[in-house]
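Visitor: Listed here are the chains, written in short residue letters.
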Amino acid sequence: MSTPTRTPTIRTLRLHIDWVACDGRGMCTELLPELLTEDPWGYPAPVRLHGRDPLPPNGIPVQDDLEPQARAAVAACPLMALRLERG
Amino acid sequence: MTALDLSAPDHTTMATRLLLPDATDLLSHDRRHGAVPYRGGPGILIESLESAGLTGRGGAAFPTWRKVASTAAAAGGGHRAAVVIANGAEGEPASSKDAVLLGMAPHLVLDGVQLAAEAVGADRAAVYVEAGPAMTAVMRALAERKGTGRDRVRMQLVEAPTGFVSGEESAAVAAVEGRPALPRTKRRLVTESGVDRRPTLVQNVETLAHVALIARYGSAWFRSAGTATEPGTFLATMGGAVAAPGVAEAPQGILLADLLALAGGPSRRLGAVLVGGYHGAWVPAAALATTPMSRAGLAAFGATPGAGIVWALPASQCPLVAASLIVTYLAGQSARQCGPCLFGLPALAADLARLADPRAAGGLDRLPGQLAALAETITGRGACRHPDGTVRFVHSTLRTFADEVAAHGRGQCLGDHR
Amino acid sequence: MSIDLVSASWYLARGSGVSALVLFTLVVVLGMATRAARPVAGAPRFAVRALHSSAALTAVVFLGLHVVALLFDPYAQLRLVDLVLPFGGAYRPFWLGLGTLALDLVLAIGVSSWLRGRIGPRAWKAVHWTAYAAWPFAVLHGLGTGTDAGTWWLRAVTAACVAAVLGALAWRRSSAFEAARRPTLTRPGRPLQGSSR
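Protein chains in written order, with our numbering: chain X, 1 to 87; chain G, 1 to 418; chain S, 1 to 197.
It is possible that some hints are incorrect.
Short, incomplete list of chain X residues facing chain S, as computed with Cβ under 7 Å [to be verified]:
1. Gly26
2. Met27
3. Glu30
Facing chain X, from chain G, some residues (calculated, C-beta under 8 Å) [to be verified]:
4. Arg336
5. Cys338
6. Gly380
7. Arg381
Pair ranges (Cβ atoms, derived) [unchecked claim]:
8. Asp65/X with Arg79/S: 46 to 56 Å
9. Arg172/S with Arg359/G: 42 to 52 Å
10. Arg66/G with Asp65/X: 35 to 45 Å
11. Pro161/G with Leu80/S: 25 to 35 Å
Just so you know, the hints here were simulated from the structure itself, not pulled from any lab data. Glycine included, every Cβ here is placed at the ideal spot set by N, Cα and C.
Turn these sequences into a full structure, and let the hints steer you where they fit.
Guide: Shown next as structure tokens:
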């Protein structure tokens with residue numbers, strides 16, 4: 001019988017949108033289409049892969065393999081309205 | 001639609017604690033309640049608040065002791081003293097409880113500010129109110145207290161602009177900082193970083209008045225009214241089709257029918273009652289006698305007591321027309337900072353207006369589904385919860401009045417509407 | 001025939017100067033296209049922005065060549081201090097000073113973009129907008145100091161650059177610009193499709 005090991009807490013990478021700064025320029029939706037799509041007025045909206053899942057209140061989770069694209073999206077935003085945080 | 005009658009209903013109930021008729025000026029307040037019962041140090045008050053079970057009366061019903069504790073903890077580091085903001089901005093046109101409370105018991109509120117300031121280790125406090133009777137009352141009260149040595153923390157009066165979102169927490173913080181009173185993107189909790197990046201405790205004025213009473217009479221006294229899980233009294237603003245619209249104090253958990261009776265009861269046959277204000281939800285008239293004004297009781301309708309607003313819709317008025325007017329108002333009250341709200345709410349209002357007109361909505365049976373989908377788009381995408389609250393109201397409207405919606409889709413309107 | 005170093009640096013200075021002007025004109029036009037946030041000639045918006053940044057870097061390289069070549073040219077009499085303090089130069093000080101201003105503004109824009117994360121969006125935007133001053137300073141500098149100022153080909157190149165920027169400005173300021181970016185407020189929105197494209 002193996003001794004139980006403590007699973008390390010997984011800290012997810014999350015993408016935060018500053019809605020006051022966002023002006024719907026749309027570069028993030030081009031660089032991160034797996035996670036972001038355009039709403040009818042050009043603003044980024046999370047791709048709802050499972051239909052009616054509620055929007056996560058503390059940022060959109062970003063899978064680790066999408067991190068480079070997410071960082072590119074953050075750098076590309078002309079209004080610096082995106083933020084990536086691990087936690 | 002607004003009830004701005006500033007006089008409380010003419011009766012006394014066992015629940016009258018805040019709206020005592022004889023404790024408005026400092027002398028009579030002092031005679032009734034005594035001096036400010038300072039605890040002697042930061043944090044000490046928290047235990048009383050926790051055992052009293054007081055929750056915020058500004059709408060969110062967050063446990064007050066927890067908010068005070070986290071502000072005190074954030075300030076306890078020592079570097080920055082905290083700030084207390086008494087939020088009397090009201091915001092909702094259908095609410096007047098903050099104005100009435102400040103008019104009748106300003107010193108309870110200000111005592112609460114001082115006690116909260118002591119509890120969190122604040123060196124600065126602000127009272128955030130709209131210009132008008134409320135502000136005049138606070139100015140008078142502050143003048144009465146000046147030089148008496150009653151207050152340990154300086155209290156500053158800050159004007160709140162008239163507007164639905166000006167009572168939002170981060171908007172209040174911005175106003176106290178001297179900036180425009182608009183919601184801001186929150187990177188950290190206001191209790192950790194608010195005014196000038198200092199830990200800031202924002203509490204509704206009614207909550208602070210309850211704090212001032214709990215500090216004097218204890219948590220057991222506070223719990224002697226209300227229910228076990230939702231103790232204490234609250235202020236309700238009642239309007240619409242009631243005989244005597246105005247503000248009344250009642251115990252939490254009171255049945256909606258009994259609450260309406262405090263406002264003279266319905267003046268006409270009712271169709272439904274809007275609970276929680278314009279971001280709230282509808283309760284059908286048939287359920288009023290059995291539904292308590294409590295989180296537990298209202299949950300079945302997707303409603304919460306919110307800031308105590310109860311608005312009675314007469315059966316003679318088309319509920320979809322009423323809802324459409326409300327959503328049109330809410331769309332106009334956007335702070336206009338965030339795209340989804342700025343563009344989405346007017347679109348929602350336009351769709352609902354089409355639905356409210358049976359001649360326009362006839363044949364458009366996709367409209368309700370389209371409305372629901374549009375509402376989905378707007379939720380959660382903004383600096384504040386204004387779009388979310390509006391969407392919650394729209395969902396409740398579509399759910400509660402599903403029959404009317406279906407009828408309008410067929411080009412008809414139910415009921416005895418003229 | 002041998003080309004001596006002095007003439008070489010003189011030719012390099014003039015050539016890189018004109019190249020820098022053309023490239024900065026492209027940068028300004030691409031900057032407005034980036035702000036427009038619309039795909040251009042099939043290139044997605046992030047590519048337009050990337051092009052704007054790349055063109056800017058290239059332009060700065062040519063500007064650097066222009067400055068270095070002039071520093072090594074004895075006839076230009078350019079001192080290091082003339083690169084930061086305008087209007088104190090030996091040769092055509094006013095027109096040279098405009099070049100100094102343009103250079104300093106370009107350097108400020110470059111540094112502010114590099115340190116964007118630290119200075120915040122408002123400060124970054126304020127410095128970036130000085131590009132609308134830097135570019136005309138560069139144009140006037142080219143017309144005033146350059147040896148080739150009177151030549152037909154420099155005048156033609158300058159005219160083309162000015163036309164490009166004025167044309168882009170007119171389009172940017174036109175009423176059609178913002179209207180095309182968003183549907184009107186009263187039009188009901190389409191529901192989200194749910195797909196990523």
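Visitor: Hint check: is the beta carbon of glycine 380/G less than 8 Å from a beta carbon of chain X?
Guide: OK, holds: glycine 380/G within 8 Å of chain X, min 4 Å.
Visitor: Taking the CB of arginine 66/G and the CB of aspartate 65/X, does the distance hold inside 35 to 45 Å?
Guide: 38 Å, holds
Visitor: Minimum Cβ distance from arginine 381/G to chain X below 8 Å?
Guide: For arginine 381/G, the interface hint holds, since the closest Cβ of chain X sits about 6 Å away, which is under 8 Å.
Visitor: Does the interface hint hold: is glutamate 30/X within less than 7 Å of chain S, judged Cβ to Cβ?
Guide: At about 5 Å, which falls below the 7 Å cut-off, the nearest Cβ of chain S leaves the hint on glutamate 30/X intact, so it holds.
Visitor: Taking 7 Å as the limit, does the beta-carbon of methionine 27/X come near enough to a beta-carbon in chain S?
Guide: 4 Å, holds
Visitor: Do the beta carbons of proline 161/G and leucine 80/S sit within 25 to 35 Å of each other?
Guide: Given a distance of about 55 Å, which is not inside 25 to 35 Å, the answer is violated.
Visitor: Is 42 to 52 Å a correct range for the gap between the Cβ atoms of arginine 172/S and arginine 359/G?
Guide: 44 Å, holds
Visitor: Just to be sure I understand the hint, the distance between the Cβ atoms of aspartate 65/X and arginine 79/S should be within 46 to 56 Å; is that true here?
Guide: 54 Å, holds
Visitor: Quick check on arginine 336/G please, does its C-beta sit within 8 Å of some C-beta on chain X?
Guide: 10 Å, violated
Visitor: Can glycine 26/X be said to touch chain S, with a Cβ gap under 7 Å?
Guide: 6 Å, holds
Visitor: Next item in the hint list is cysteine 338/G. Is there a CB on chain X closer than 8 Å to its CB?
Guide: 4 Å, holds
Hints 4 and 11 from the earlier list are contradicted by this structure; the remaining hints agree with it.
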